[in-house]
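Build out the structure end to end from the sequences listed, making use of the hints.
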Amino acid sequence: MYKHRILLLLMAATMIASRPAQAKSYEVGGCNPSLPEFPTIQMAVSSVPPESTILVCPGTYFEQVIISQPLTLKGADINNLDRPVIAAPPNGLAINVTSITGAQVAAQVLVENVTPPGNVVLTGITVDGSLAEVPLSCPPAALAGIFYASGSSGTINDMTTRDQKLASCGYGIWLENGAGPNQTITVENNSVHDMSSAGILAQSNQTPPTLTATIQGNFVNSLNYNQTTDIEVFGILGAITGNVVTGGLVGITNAGTDASPVTISENAVAGISIGVGMSFGDGSKVTSNKISNVYTAFFFGGSGVSPGPTVTANTTQNTTYVINYNCIPNVTVKSNTFNDSEFGFLQIPPENSGLGVNAIDNIDTVQTSSCP
Amino acid sequence: MSRHLAWFFWVIAMLALSAPLQALTYEVGGCKTGAGYVNFTTISAAVIGVPAGSTIEVCPGVYSEQVTITQPLTLKGIAFNNASRAVITINDPTGAPLAPNVTSLTTGQPFYAQVLVHNVNPAGPVNLTGITVDGSGGSTGECSIVSAGLAGIFYAPGTSGTVDEVTARNQVNDGCGFGVWVENADATSETITIKNSSVHDVGGLGVAIAALSLTPSTLTSTISGNFLSNAGFIGIEGDASGTIAGNVLTSSGTGETGIFAEAAGLTVSANTAASWYEGIRISLASTVESNKLSNVGTAITFFPDAVVPVKSNTAMNVGCGFDFLSGSITGAISGNVLNDAANAFANWLGSSISGNSLYNVDTIQPTVASCP
Numbered sequence: 002m003y004k005h006r007i008l009l010l011l012m013a014a015t016m017i018a019s020r021p022a023q024a025k026s027y028e029v030g031g032c033n034p035s036l037p038e039f040p041t042i043q044m045a046v047s048s049v050p051p052e053s054t055i056l057v058c059p060g061t062y063f064e065q066v067i068i069s070q071p072l073t074l075k076g077a078d079i080n081n082l083d084r085p086v087i088a089a090p091p092n093g094l095a096i097n098v099t100s101i102t103g104a105q106v107a108a109q110v111l112v113e114n115v116t117p118p119g120n121v122v123l124t125g126i127t128v129d130g131s132l133a134e135v136p137l138s139c140p141p142a143a144l145a146g147i148f149y150a151s152g153s154s155g156t157i158n159d160m161t162t163r164d165q166k167l168a169s170c171g172y173g174i175w176l177e178n179g180a181g182p183n184q185t186i187t188v189e190n191n192s193v194h195d196m197s198s199a200g201i202l203a204q205s206n207q208t209p210p211t212l213t214a215t216i217q218g219n220f221v222n223s224l225n226y227n228q229t230t231d232i233e234v235f236g237i238l239g240a241i242t243g244n245v246v247t248g249g250l251v252g253i254t255n256a257g258t259d260a261s262p263v264t265i266s267e268n269a270v271a272g273i274s275i276g277v278g279m280s281f282g283d284g285s286k287v288t289s290n291k292i293s294n295v296y297t298a299f300f301f302g303g304s305g306v307s308p309g310p311t312v313t314a315n316t317t318q319n320t321t322y323v324i325n326y327n328c329i330p331n332v333t334v335k336s337n338t339f340n341d342s343e344f345g346f347l348q349i350p351p352e353n354s355g356l357g358v359n360a361i362d363n364i365d366t367v368q369t370s371s372c373p
Numbered sequence: 003m004s005r006h007l008a009w010f011f012w013v014i015a016m017l018a019l020s021a022p023l024q025a026l027t028y029e030v031g032g033c034k035t036g037a038g039y040v041n042f043t044t045i046s047a048a049v050i051g052v053p054a055g056s057t058i059e060v061c062p063g064v065y066s067e068q069v070t071i072t073q074p075l076t077l078k079g080i081a082f083n084n085a086s087r088a089v090i091t092i093n094d095p096t097g098a099p100l101a102p103n104v105t106s107l108t109t110g111q112p113f114y115a116q117v118l119v120h121n122v123n124p125a126g127p128v129n130l131t132g133i134t135v136d137g138s139g140g141s142t143g144e145c146s147i148v149s150a151g152l153a154g155i156f157y158a159p160g161t162s163g164t165v166d167e168v169t170a171r172n173q174v175n176d177g178c179g180f181g182v183w184v185e186n187a188d189a190t191s192e193t194i195t196i197k198n199s200s201v202h203d204v205g206g207l208g209v210a211i212a213a214l215s216l217t218p219s220t221l222t223s224t225i226s227g228n229f230l231s232n233a234g235f236i237g238i239e240g241d242a243s244g245t246i247a248g249n250v251l252t253s254s255g256t257g258e259t260g261i262f263a264e265a266a267g268l269t270v271s272a273n274t275a276a277s278w279y280e281g282i283r284i285s286l287a288s289t290v291e292s293n294k295l296s297n298v299g300t301a302i303t304f305f306p307d308a309v310v311p312v313k314s315n316t317a318m319n320v321g322c323g324f325d326f327l328s329g330s331i332t333g334a335i336s337g338n339v340l341n342d343a344a345n346a347f348a349n350w351l352g353s354s355i356s357g358n359s360l361y362n363v364d365t366i367q368p369t370v371a372s373c374p
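Chains as they are written, first to last, in the numbering used here: chain U, 2 to 373; chain Z, 3 to 374.
Among the clues, some could well be false.
As the list claims (entries may be wrong) - Not everything, but these chain Z residues come out facing chain U in the computed CB check (under 10 Å):
{"hint": "1", "residue": "GLY79"}
{"hint": "2", "residue": "ARG87"}
{"hint": "3", "residue": "ASN297"}
Claimed, not checked - Only pairs whose alpha carbons sit at most 30 Å apart, straight line, appear in this in silico BS3-like list of lysine-lysine:
{"hint": "4", "chain 1": "U", "residue 1": "LYS166", "chain 2": "U", "residue 2": "LYS75"}
{"hint": "5", "chain 1": "U", "residue 1": "LYS335", "chain 2": "Z", "residue 2": "LYS78"}
{"hint": "6", "chain 1": "U", "residue 1": "LYS335", "chain 2": "Z", "residue 2": "LYS34"}
{"hint": "7", "chain 1": "U", "residue 1": "LYS335", "chain 2": "U", "residue 2": "LYS286"}
{"hint": "8", "chain 1": "U", "residue 1": "LYS335", "chain 2": "Z", "residue 2": "LYS197"}
{"hint": "9", "chain 1": "U", "residue 1": "LYS75", "chain 2": "U", "residue 2": "LYS25"}
{"hint": "10", "chain 1": "Z", "residue 1": "LYS34", "chain 2": "Z", "residue 2": "LYS78"}
{"hint": "11", "chain 1": "Z", "residue 1": "LYS197", "chain 2": "U", "residue 2": "LYS286"}
{"hint": "12", "chain 1": "Z", "residue 1": "LYS197", "chain 2": "Z", "residue 2": "LYS34"}
{"hint": "13", "chain 1": "Z", "residue 1": "LYS197", "chain 2": "Z", "residue 2": "LYS313"}
{"hint": "14", "chain 1": "U", "residue 1": "LYS75", "chain 2": "Z", "residue 2": "LYS313"}
{"hint": "15", "chain 1": "Z", "residue 1": "LYS78", "chain 2": "Z", "residue 2": "LYS197"}
Just so you know, the hints here were simulated from the structure itself, not pulled from any lab data. Just so you know, even glycine gets a beta-carbon here, dropped at the ideal spot from N, CA and C.
Spelled out as structure tokens, the structure:
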């Protein structure tokens, strides 16, 4: 009994001691009177203690938001409503970050210089670029719905980014990292649609790459606007998995350096000019994707170093070309199923025919234009 | 020694005896000739001329024929000399017009079937694999809901088999075009599998893949791993028991319903549908689960009094997540993820629906909503 009482007191003391370090919750928009309220998202993200959770009530917030401490920004629902929208302010967006590529980016939600180091989590919020005005033309200007700049990590899930359409420089979600410690960002279960450039972009300019991105379970769509690329990664590590990608010119592309292998798996890609484009990114694995209703299912570029990309267990149907090797050596294509194409393999390097190791049906011309 | 000799003679005798029973290879198109091959000049002649249960290899090339199969066999497209497409087309060089050759016992509608499987005797499966059926130029005259349809492949009541790695395309017929139509109205149960096939560019009032029976269903159909695009008024119509699983359905925007589930004992799972007026319409099914629906007007529409559990589906970028058409339904709606919708549970008059994950929904449960 006595021992139990000591234990109880000890537990109570521990709980009291730990309370100041516990993450607190705040809110924006006035739907949850039990929480401390901020009038704008920007004031909240600047004012709360690190690691706090900020609930954002349904409504439209005409703001450009900069986050520079670890926190969770989360959409809330009330009274049958469940969509907080961050929209461009009526007086236009400011250029607020310079990309590692030199682009001058107006980011609607910018995550940068996160201090103390920690994760910035965005969930359940819509970022709408339809009214965005940017004080520079494209290029060098670009518009991004969400931008994780160098030195930031975290998770973007269950978000919506839509209508970032600055000429040909509109991006839904843009992640990047330059020199410095490696950063890890997860982008999952988001709805991304109607961009003028890329739906999701992840890039690093370092060798070895300093950004590891997991891009999974997203729905990226551009049937209503000619988005150049749905998911584009450049010189990073990570995985692109289980996304549904429809419309646009290129579905998924991995470019950058020879030392940026990425796994591209279990995606459904449809209604696009090029399904999966690989230039550089050697050692990448492209596996178990379903690609249909595209002009070219796979396109390769880059230096052709060994080991090159491995393309296995994919299914393509209803294509004009299955694979354009583009004369790139060291590409391994085996155990795939290719059905219904006008042409099979184009610009085939001498050592790699792709024949005999894939299941092929209903292809008018299997091989065309070999390389010297 | 003498025992060995006797054994040797016995083996020789057996080999000699079995030689006349060796399977011959039946071939159409002339790409494989010589000993062991029996050649036919048309597919129609082959499917009549071979013994029941034979495999007929069809060389790459164009076959302008209307084919009727009345015995169990396998019709298989093969690759030869850099080509791997054996295509059955409409335009008969002899000028013989396409003829009506079957009446649907489930709809009463006459059909002009390019490949018809019916009155199969002896009973046994008819398998089609690696063949293209192209309906370009095919016309049945007038096109209205009850008028004659053009079907690429038609399995009539009493037939069974597998359609695998087939392409059915361009069954347009002024709108009344159907890619693959299988049905059973007999008391005897039949089983038909349609898998890994490419079906595209069918008539705007048509159906890409239809499986129909009467109530109770005597047809068990498995429709799996198919890829559909520009796939008619309904992509897959499931009015029979069985499964519709792992299909990818994309429309270029004119399609009404991706998957129409209207039979008890039907499971609709793990399909990906994008860019339809509605992703899935349900009047009756045993379960609808783990489908991915995006860029659709309505993800799932319930006929009034629909009976079905709907679980673990993901829908993004939709007008309405679930439209109940002001009716009631029987069956749990649980574990679904909805992101980026104008309305979640639309035209629902019952009590609030819980147990699903909603993000970025303008209105959660409008009793009156216009679902696009």
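- Task: Report the numbers of all earlier hints that the structure fails to satisfy, in ascending order.
- Result: Hints that this structure does not satisfy do not exist here, as all of them hold.
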